[in-house]
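With chain A's structure known, arrange chain B on it following the hints.
Listed below are the residues making up each chain.
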Amino acid sequence: MQKTEGEESKAENEEVKQVTLMTSDGVKMKVEISIVYEMEIVRSFIEVNDADHSVPFPLPNVSSHTLDLIIELVKNEYDDEFMKTFSHDELKEVLVAANYLNMKTLLDFIATAIANLLEKKSVEFIRNFFNIVNDFTPEEEAEIRKTNEWVFQDLDED
Amino acid sequence: MSSEKNCVSKLEMQKDCRVYCLLDLPDWTLDCILECLSPLDLFRVAQVCTSLRHKTRSDALWEKIIKQKWGRLLGDVAYQEWQWHTTKIANTQSILLLQQNQSGSCGSFSGVWPFLNFHSYLEHFIDLITLFKNCSKMALYVCLESGRFWFPVQVYKTANLFCYDAIVSYNSRTDTFKARSPTGEWRMIEENIQWGRLRLSTIETSPREFYMSNCMNDLKPGDQIEIQMKRRKESPYNWWYAVIGHLETCDQDVNHCRCQYSDKLVVEFKQYQSASRNKRSVLNRNRYEERVSLLRWFGGIRKLDKEEEIEKWTKLFASR
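Chains as they are written, first to last, in UniProt numbering: chain A, 1 to 158; chain B, 1 to 320.
Next comes chain A alone, as it looks inside the complex:
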C-alpha cells in the first residue's frame, strides 16, 4: 500500500490501478482498485462518474488507522489470525467502517468475529464492549432473570 501526503505525491503506478482515498484524519491513501471495488460506496461513485482517480475520494467516517486495518484484512483474504491481533476498539471501528463503506464480505466476517468474542461472556462484559448503559428498572431486571431461569431450569449451567 502506498501513501502520499499532499504535494509529495509519487508518480502513479500504471501497472496497478489505484484510487486515492482521504480519511477522516486527513491522510491520503492510494488503494488498489480491486480493494476499493469491495467498498460499494466508493465503487458506485467511481463507476458512475468515471472519475479522475487522482482526486481523493473523501471518507469522513473512516480513520487512516481503520482503513489500514481494512486494507490489510482484504489483502490477507480475511485472515482470522491477523484479526485476532485487533483490540476491541479496533474491531468495533472496523465494524462501523464496514457498515459505512458498505463492504458486505467484511461486514459478515467482522460480525462473526464479534459474535465469537461475545460467546459465553457475562452481561457486564457485553455492556462494556458495546458501551451500553443498563436501562432496566430493578423490576425489569428481576423479571428477565426469572425468565431466563425458566428457560434454563432444565439446562446445565454454561
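No incorrect hints appear here.
List time: in silico DSS-like cross-link candidates among lysine-lysine, alpha-carbon distance up to 25 angstroms:
1) 69/B / 121/A
2) 137/B / 146/A
3) 146/A / 88/B
4) 64/B / 104/A
5) 55/B / 104/A
6) 137/B / 120/A
7) 270/B / 303/B
8) 69/B / 178/B
9) 55/B / 120/A
10) 120/A / 64/B
11) 28/A / 104/A
12) 146/A / 133/B
13) 133/B / 67/B
Simulated from the structure, these hints should not be mistaken for lab results.
Frame of chain A; chain B shown alone:
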C-alpha cells in the same frame, strides 16, 4: 505503518477515536452479529438493555434457529397446533383459570382442554404466558428445548421395521426424546429415543384412517412400500416397511411376469424369518381395510419413491 501516518498528532487520533455505541448501527448490522450467536448467548445479550432485549427476541431470529435444529421434525401440523395452544392461552383473561392446576399444565393427558384437542400438548407454561404474547417464536424454541411442548412425530421401531405415531417431548440434557402413544389415554411408551428414530409424518391422514393412495394399480414386484397395519380394529395404524413380491404362480422371469396386472397383491416383510407366516401376505389390490389373520389388519399402501426413505429403512434393517 508508513512514516507519513505517524505525522498525525496524538491529539487528532484521540479525537478520531469515537466512542461507539453499537446500538447506533443500523439494525441489519446488529442483526448480522445476533444471527451468529447461539440461543444461550442470545438469552444473555437480552439482559444487557431494553433495546437488545427487544432485538434478541425477534421472530425472524428465532425462526432461523428453530428451522436449523427443529425443522426436520416440526411439521406444519405441529406448528399449527402450537399456534392454537398459545393463542388460546393468550386470550384467556383469567390467569386463575389457567393456574387451577398446581402443575401449571392446566389439565392432564386425558384430553380435556386446553391441551390435547389435536395431537400435541403444552405443559408447565404459566411462567411463559408473556412470551407467548410478545415473542412467540422464541417461546416456541423455549418450549421445544425444555420439553414443555409435546408434538406429533413418527417413531421408528428398529426391531420390526415399522413406524408409529406419537407425541414426543425433548430432554436437552440427554439429547433424547420420550414418547406418548395416542392409544390408552396418551400413556408413556418409550424414553431415551434418539433423533435418528424420529421422522415427520409423511402423510396427513390420521393413524386411525385408511390411507387412500393412487399407486395401487402401478405396484409391481420389487417396489418398496410402507403399508398400514394394526393389531386390533380399534387401534391406530402403524406404517410397516415391506416389498411387493411375486405371486406363487409366477416364475419371476421378467419376460413372463404378469404379477403387476393381477388383482392379487403380494406383500413381503423381510423383517420376519422365512418360516414365519407373517413373512408374506396376499391382499386384494382393489380393497379397503382388510383383515388377513387374527391380529393383522391391513390398511392403505404408500409407495416409497424417495431415495432417502428407502435408504433409511435399509439402514434400520442392517442395524437390527
